[in-house]
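Undergrad: Mind docking chain B on chain A? Use the hints.
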Amino acid sequence: MAHDGIALDVRDLRKAFGGVRAVDGCSFAVPRGKISGLIGPNGSGKTTTFNLLTGVVSPDAGRVLYRGEDVAGLKPFQVFHRGITRTFQITRVFREMTVFENMLSVTSLAVPDRAVRARAEELLALVNLTHLRGEYGGRLSYGQQKLLEFARALMTDPDLILLDEPAAGVNRTLLQHLLDHIHRLQERGKTILIVEHDMNVIMNHCERIFVMDYGVKIAEGPPDEIRRDERVIDAYFGRRRQP
Amino acid sequence: MARREHARNLVLVGLLALGLALLPGALTVYIRSFVLFTMMYVVLALSWNIISGFTGYTSFGHVAFYGIGAYACAILVADYGWHWLASLGAGAVVSAVVAMAIGYPVLRLKGPYFAIAMLGAAEGTRVIATVWDGLTHGGLGISLPSVETSMQTYYAMLVLMAVTIASAYVVGHSRFGIRLNAIREDEGAAEALGIDATRYKLAAFTLSAIFPAVAGGIQAYKVLYIDPPSVFFVQITIAMALMSMLGGKGTVIGPIVGAVLLYTAQELTWVNFPSAHLIAYGLFIIIVARFVPRGLVGFAIDRGWVRKGMVH
Numbered sequence: 038m039a040h041d042g043i044a045l046d047v048r049d050l051r052k053a054f055g056g057v058r059a060v061d062g063c064s065f066a067v068p069r070g071k072i073s074g075l076i077g078p079n080g081s082g083k084t085t086t087f088n089l090l091t092g093v094v095s096p097d098a099g100r101v102l103y104r105g106e107d108v109a110g111l112k113p114f115q116v117f118h119r120g121i122t123r124t125f126q127i128t129r130v131f132r133e134m135t136v137f138e139n140m141l142s143v144t145s146l147a148v149p150d151r152a153v154r155a156r157a158e159e160l161l162a163l164v165n166l167t168h169l170r171g172e173y174g175g176r177l178s179y180g181q182q183k184l185l186e187f188a189r190a191l192m193t194d195p196d197l198i199l200l201d202e203p204a205a206g207v208n209r210t211l212l213q214h215l216l217d218h219i220h221r222l223q224e225r226g227k228t229i230l231i232v233e234h235d236m237n238v239i240m241n242h243c244e245r246i247f248v249m250d251y252g253v254k255i256a257e258g259p260p261d262e263i264r265r266d267e268r269v270i271d272a273y274f275g276r277r278r279q280p
Numbered sequence: 061m062a063r064r065e066h067a068r069n070l071v072l073v074g075l076l077a078l079g080l081a082l083l084p085g086a087l088t089v090y091i092r093s094f095v096l097f098t099m100m101y102v103v104l105a106l107s108w109n110i111i112s113g114f115t116g117y118t119s120f121g122h123v124a125f126y127g128i129g130a131y132a133c134a135i136l137v138a139d140y141g142w143h144w145l146a147s148l149g150a151g152a153v154v155s156a157v158v159a160m161a162i163g164y165p166v167l168r169l170k171g172p173y174f175a176i177a178m179l180g181a182a183e184g185t186r187v188i189a190t191v192w193d194g195l196t197h198g199g200l201g202i203s204l205p206s207v208e209t210s211m212q213t214y215y216a217m218l219v220l221m222a223v224t225i226a227s228a229y230v231v232g233h234s235r236f237g238i239r240l241n242a243i244r245e246d247e248g249a250a251e252a253l254g255i256d257a258t259r260y261k262l263a264a265f266t267l268s269a270i271f272p273a274v275a276g277g278i279q280a281y282k283v284l285y286i287d288p289p290s291v292f293f294v295q296i297t298i299a300m301a302l303m304s305m306l307g308g309k310g311t312v313i314g315p316i317v318g319a320v321l322l323y324t325a326q327e328l329t330w331v332n333f334p335s336a337h338l339i340a341y342g343l344f345i346i347i348v349a350r351f352v353p354r355g356l357v358g359f360a361i362d363r364g365w366v367r368k369g370m371v372h
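Residue numbers (our numbering), protein chains in the order written: chain A, 38 to 280; chain B, 61 to 372.
To be clear, the hints were calculated from the coordinates, so they are not data collected in a lab.
In this text the structure is predicted, and so the values were computed from the model without any measurement.
Ideal Cβ placement from N, Cα and C applies to all residues, glycine included.
Fair warning: there could be bad hints in the mix.
To be verified - The calculated label-pair distances, taken between Cβ atoms and stated as ranges, are:
hint	chain 1	residue 1	chain 2	residue 2	range
1	B	Arg63	A	Asn165	25 to 33 angstroms
2	B	Arg367	A	Leu163	20 to 28 angstroms
3	B	Arg64	A	Pro68	21 to 29 angstroms
4	B	Arg64	A	Asn165	25 to 33 angstroms
5	A	Asn165	B	Lys170	33 to 41 angstroms
6	B	Ile347	A	Asn237	51 to 59 angstroms
7	A	Gly171	B	Leu145	37 to 45 angstroms
8	B	Arg367	A	Ser95	37 to 45 angstroms
9	B	Ile347	A	His168	36 to 44 angstroms
10	B	Lys170	A	Leu163	33 to 41 angstroms
11	A	Asn237	B	Val294	53 to 61 angstroms
To be verified - Sample of chain B residues lacking proximity to chain A, with all beta carbon distances greater than 10 angstroms (derived):
hint	residue
12	Ile91
13	Val95
14	Tyr164
15	Phe236
16	Ala257
17	Arg363
Here chain A stands alone, though its shape is the one from the complex:
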């Protein structure tokens, strides 16, 4: 397969917690410059996979190739500095820091102050949070925190953006707003991988979908195929589960 079309190549990733094999030989290739989705029933290993990709946990086996380098087993801050960033399932804004400080916390100290401030102002304007720049992160509504987290993740202009359930707990208007931003990023050549339970979001916005169950990838393809895929329907609704 031509390698330049692939942003992130996950090969045979494994992670067990005690006796539970959360990720059990999972492989998939995230296409460059596209929006992809990672779905699966609860407990299928999506979040663990995300954590493996971002260094939060290190794998028992397997590789995560990014720009020709294996990033599996690196520390989170090292993964981040290679151009991969993420948001969290439940927002993790810095609560007793202002919105503006949240933004400034991200960029490396080597980047001059002036440039960082300008970028922060620009991104806050983009997500309509400029009027709250002096407010504590913890005082924002949940939706505003999602936006702040999203904007914060873009401070360093990452190439690969991993979004963990961006739609959870967000009202429709705000969600549309977020999805517009995600599409704009994709148009600028960024690669986006979304973990999401909201099937509308996944089916309408992802070009490629990976489906996980019991720690392995069970299906992969464009939305139309996935919608009809027997294995996916089985995994979600429990028909004809093989012993």
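TA: Then chain B, alone, in the frame of chain A:
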């Protein structure tokens, strides 16, 4: 604009320092000594605040660094004939090295585990100072050569306080400081956003160990006698924490205000109610914890008198 604010703050601190510099000649020995110890507690509280307020790692053992500085000064001056100012520098270096050695393992612990480990570390340094006769003269303590030192130590403490305030101010208003705050708020998220928490914590911890060591050295040269229980005294750590919390930890002005208020209150109750001063002190702490849990600066922020955040 932030620059104007920084300039105003610089002028304020400059005026305060000038006032304190002109003061001592006009003061009685008692008041001069009181001002010196107030300045010392400003240094201690601000230092504690760098690791515990900015970074969120509550240290119950910071007196260790104060004691190390006091011992470095006493040993080098009394046994090796060093100039006392040089011994302060040596104390700072030793304290920084010890901080790195302790911090490297202990900063991996979080919350109460870190606090208790630091309590243990401080007790450990006290025990070492007690049993290592050959270096520290053990429980006998060390007497320093007697000279009139109250003016010299006053000015040394003034300079140290100015340097400590300046350092805390620069750290607090920098992106380095913001990153320390991020570690305090959510270490996992901070790491996911590119912050090498281990390195930042160690840097903050080491910095927070330097100023107390110098303060301990100056104090030793002022009182001219130290022994393990007096310079590795747990209550000094507690004072650092309480002063920061009273003023508002995680800010720069908070620990300064807290140190001045609490040390003054302590002195007044001690002078006026010698038998009841601990009760009064305890009541004071309860009142603070009940009515201003985020400290005086936090109280002011919550009411909109002071802007939120350090960097605007």
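Undergrad: Against the structure shown, which of the earlier numbered hints fail to hold, in ascending order?
TA: 3, 15 and 16
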